[in-house]
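**Student:** Listed below are the residues making up each chain.
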Amino acid sequence: MSDDAELLERIRNGATDDFAEIVRRHQSRVFAILHRYERDAQKVEDLAQETFVKVWRALGQFDGRAPFEHWISKITVRTALDHLRKEKRRQNEIGLPELGEDALDWLRSDNEKSELDGRAAAEILELAMRELSPTDRVVITMQEIEGRSVKEISAAIGSSGVAVRVRVLRARAKLKSALEKLVKL
Amino acid sequence: MNEQKLKKLFEAAWSETATTPSVDFAAGVLRAVRREKQTPLRETLSAFDQLNLLFPKLACAAAAMIVLGLAADFALTVAGVPNLSDGVSQISAQWLLMPGGL
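In order, the protein sequences belong to chains A and B. Numbered per the working numbering, the first sequence spans residues 1 to 185. Numbered per the working numbering, the second sequence spans residues 1001 to 1102.
Honestly, the hints are just simulated from the structure, not real lab data. Hints are supplied without guarantee of correctness; some may be wrong.
Below 20 Å or equal to it, Euclidean Cα-Cα: the simulated SDA-like pairs (lysine to any residue) are [what the hints assert, rightly or not]: (1) B/1005 to A/101; (2) A/43 to B/1016; (3) B/1008 to A/112; (4) A/184 to B/1002; (5) B/1005 to A/183; (6) A/174 to B/1007.
In silico contact screen, one side only, chain B against chain A (beta carbon under 10 Å); selected entries [unchecked claim]: (7) 1002; (8) 1006; (9) 1009; (10) 1011; (11) 1013; (12) 1014; (13) 1020; (14) 1026; (15) 1034.
Glycine included, each C-beta is placed from N, C-alpha and C at the ideal position.
Using the sequences and the hints, build the whole thing.
**Tutor:** So, in structure tokens, the structure goes:
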């Protein structure tokens, strides 16, 4: 099985079908990233397709200095950011979704050790993060949930490391305040 | 909400399993890429590239305009209608370069 570099060389020389192999290799990563910003499975699939088409269009710009998966991740995060910006405008026109029982119980519980499943946590964060700007949401998701470094975040959103650190601090404060508002609902 | 609870929230969110791609996802992407390849070249080109492509037509149009202008000038001269250069010479001779002129 050839590595990404060989595959990319073949694709650049006209072997379009080999791009399907690139998709198969990296689709899990792309879906995992997009799922952090969009919970509707069909929309995630559409966004993933949009991401890979962008990757295809930009293949000529990939110089191989960074690993290919980092480059794809960067394109994926930018696609997610564009999506969040569009959704932000739409969300202003519709009401807030309801939280599930598990999520509400956990939010109202004083016991810090009470269990919380991934689905409920994602519901809570989805709702609270609506108070954040799309870029703040990306920054906090990458730092706190995905555990990415400041360098990776700054490369993904196109800001300096200092700007990312400042943004993380502010976004975290905003998120905490949004969560406190949810507790009081 | 305290830090410990917030940390727990992030950890739980991390554990949520992502949507899995459909079986024919890669094939779907390939179809989209092929459609992309079939889109007219002009849509994917920059304004400069498009200008380059139009260059032969623009050059022909410019040459036709010059020829048309020369032909019109020649025809007017033959017909005895004073042209612009005659007018300028006349003004120079009669007024501008006279001792009392500018």
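**Student:** All hints are to be evaluated individually against the structure, with a verdict given for each.
**Tutor:** Outcome of the hint check:
1. Between residue 1005 of chain B and residue 101 of chain A the alpha-carbon distance is near 18 Å, which keeps this suggested pair within the 20 Å criterion.
2. Taken as a hint, the residue 43 of chain A and residue 1016 of chain B pair is honoured in the structure, with Cα atoms around 17 Å apart against an allowance of 20 Å.
3. The straight-line distance between the Cα atoms of residue 1008 of chain B and residue 112 of chain A is roughly 8 Å, inside the 20 Å bound, and the hint therefore holds.
4. In summary, the hint linking residue 184 of chain A to residue 1002 of chain B is supported, as the alpha carbons are separated by about 15 Å, within the 20 Å threshold.
5. At most 20 Å may separate the alpha-carbon atoms for a hinted pair to count; residue 1005 of chain B and residue 183 of chain A meet this at roughly 12 Å.
6. Of the pairs offered as hints, the one joining residue 174 of chain A and residue 1007 of chain B holds, with about 15 Å between alpha carbons and a cut-off of 20 Å not exceeded.
7. Here the hint on residue 1002 of chain B is kept, as its CB sits about 7 Å from the closest CB of chain A, short of 10 Å.
8. With a least beta-carbon distance of about 7 Å to chain A, the hint placing residue 1006 of chain B at the interface is held under the 10 Å criterion.
9. Taken as an interface hint, residue 1009 of chain B checks out: its beta carbon lies about 5 Å from the nearest beta carbon of chain A, inside 10 Å.
10. For residue 1011 of chain B, the interface hint holds, since its Cβ comes within 10 Å of a Cβ in chain A; the closest pair sits about 8 Å apart.
11. The interface hint given for residue 1013 of chain B is met, as the beta carbon of that residue sits about 4 Å from the closest beta carbon of chain A, less than 10 Å.
12. With its C-beta approaching chain A no nearer than about 5 Å, residue 1014 of chain B sits inside the 10 Å limit, and its interface hint holds.
13. Given hint, residue 1020 of chain B at the interface with chain A, holds; its Cβ is 7 Å from that chain's nearest Cβ, closer than 10 Å.
14. At about 4 Å, the closest approach between the beta carbon of residue 1026 of chain B and any beta carbon in chain A falls short of 10 Å, and the interface hint on this residue holds.
15. Hint on residue 1034 of chain B holds. Least Cβ distance to chain A is approximately 7 Å, under the 10 Å limit.
When the structure is compared with the earlier hints, no violation turns up for any of them.
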